[in-house]
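> Residue-level listing of the chains:
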Amino acid sequence: MSDEIAVLGVGMHPWGKWGRNFVEYGVKAAQDALADAGVAWSDIQFVAGGDTVRNGYPGYVAGATFAQALGWSGAQVASSYGACATGAQAIATARAQILAGLCDVALVVGADAAPKGFFAPTGGDRPDDPDWLRFRVLGATNPIYFGLYARRRMEIYGATELDFARVKVKNSQHGYTNPNARYKKTFTIEDVLESPMVSDPLRLLQICATSDGGAALVLSSMDYARKHTTDPVTVAGVSTVTPQFPQTVIEMPNFATDSAATQPLPDTPFKDSIAQLAYEQAGLGPEDLDLAEVYDLSSALELDWYENLGLCNPGDAEKLLNDGDTTIGGRIPVNASGGLGCFGEAVPAQAIAQVCEVTWQLRGEVGDRQVEGARVGLTINQGLFGHGSSVILKR
Amino acid sequence: MSSVEKPQIPAVEGWLRMDEADPSLLGTRCEECRTVYFPPERTFCRNPRCAGSSFEEHPLSRRGRLWSFTNNCYPPPDPYVASDPFEPYAIAAVELEAEKMVVLGQVVSGVNVGDLKAGMEMELVLATLFEDDENEVVVWKWQPVAA
Ligand SMILES: [Zn+2]
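First to last, the sequence lines map onto chains Y and B.
For the first sequence, position 157 (counting from the first letter as 1) is numbered 157 according to our numbering, and the numbering increases by one without interruption.
For the second sequence, position 144 (counting from the first letter as 1) is numbered 144 according to our numbering, and the numbering increases by one without interruption.
Check before you lean on any hint, since a few could be wrong.
Stated by the list, open to error - As a list, the in silico EDC-like pairs of lysine to aspartate or glutamate whose alpha-carbon atoms are at most 16 Å apart:
hint: 1; chain 1: B; residue 1: K6; chain 2: B; residue 2: E136
hint: 2; chain 1: B; residue 1: K6; chain 2: B; residue 2: D132
hint: 3; chain 1: Y; residue 1: K185; chain 2: Y; residue 2: D368
hint: 4; chain 1: Y; residue 1: K227; chain 2: Y; residue 2: D104
hint: 5; chain 1: Y; residue 1: K116; chain 2: B; residue 2: D78
hint: 6; chain 1: B; residue 1: K117; chain 2: Y; residue 2: E155
Said to hold, decoys possible - Here are some of the chain B residues that sit facing chain Y, going by a computed Cβ distance under 10 Å:
hint: 7; residue: F44
hint: 8; residue: W67
hint: 9; residue: P77
hint: 10; residue: A90
hint: 11; residue: A93
hint: 12; residue: N112
hint: 13; residue: E131
hint: 14; residue: D132
It is worth saying that the hints were derived from the structure and are not from the lab.
Positions of the beta carbon are idealized from the N, C-alpha and C atoms, including for glycine.
Make a model of the complete structure from these sequences and hints.
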């Protein structure tokens, strides 16, 4: 298909709390991706950076920051931000340049050095900023929103703390041998249920930590790719959708939903619409997926994604999990990488890291956690302030 | 409410009717399409099918049904002003029937997640968010309607 592009190379800097500058993580990931692609940095025509907002000005202009660190080469540049969806914004920007014929080969890079503890808003007295106000007025941390969604599953579908704990256990068993993961250990149900409660019903081991890390991709036109490889992984769909009015599910960082009293509801709720567009672009559906990397900011949130992706009907996610369908070896393994439960979140790198994992899986290169015979994989997440993010890859 | 004789000010100017007998959140309503907004919109209507830019004040329903709930077991970071020693507190998402919207709020102290159940009727009350040297800062909180 003419609207596909190739993933020529992928690279990551391991996740952790390394205490170094984010640029270092991004450059290491970029160098690995270039080596993996067999493309020289000087041949890259376009650099798409995923911004970090917690590392000063260099983070706001991440594309140029990485380009300078790799050595000014005259490449064109863009930097973008979409909270947790930042990586998808950068991928979408590079893809549009390639599909428009404006460049043949592009580098996508995202990296972060994260603070300890809860994500807090930018400092100062800013009563016009809902992200500041939600902390000031409600003390509504990110886990508060995750806790609301988790409790809602318990109240309407009868989900239990045990179901949520099983997600964490599954992902730890998937990811503990992943060389790029931060938490290289397996957890038991008891470990999870004995960890301290943070935002009921979610405990410490069910809530994603914040990490340092970096991830990068070399993307190219199909013509360019044919000069380098015979059977590349391709990007068949990229979704960066926003919600439709009225948005009736409470979202970070908001105090309230839109009112649905005067206007018709959209045909598709926001979180369902994210994958829907990627499926439409790829001409594929949930039944075609061999694996999925989803954003388990909390263990319970992974279950919501099963339904938003169309892997099962609303209310059936716990059954899908407990039947082993989403475990490696099952029908549709989810978070074979170990997910955020094994990584912690490095915001602008995470959506790119999801694409790295699916690429390695489709090439059959991941060893212990390989999903055998995988040909189609999907990544999905959502950034606060209304950013959808989904990529479909195939081989 | 506090016994100290400090002036009471709302946590966010213009969001709260500071009437203890009849408190409410103050939203706005678009004069064109009648859509209600909270926090209040005052410039442009966010309904993509409406070009409205005039709004009237619209107090929200004081009662609604509990959509979901959770709590803070640890003190939230700045700019939240946490009590010392910190007392865990619940946060509720409450669905207002007339407005067809869900509004977050802290739950009154003394009511914990074990006391809550989705679908319960909740009522908005005024309560202290924190006190500083000059003022008592007042916020809305959700309280179960006594059965
Ligand atoms: Zn309007």
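> Hints the structure violates: just list their numbers, smallest first.
Violated hints: 7, 13, 14; rest satisfied.
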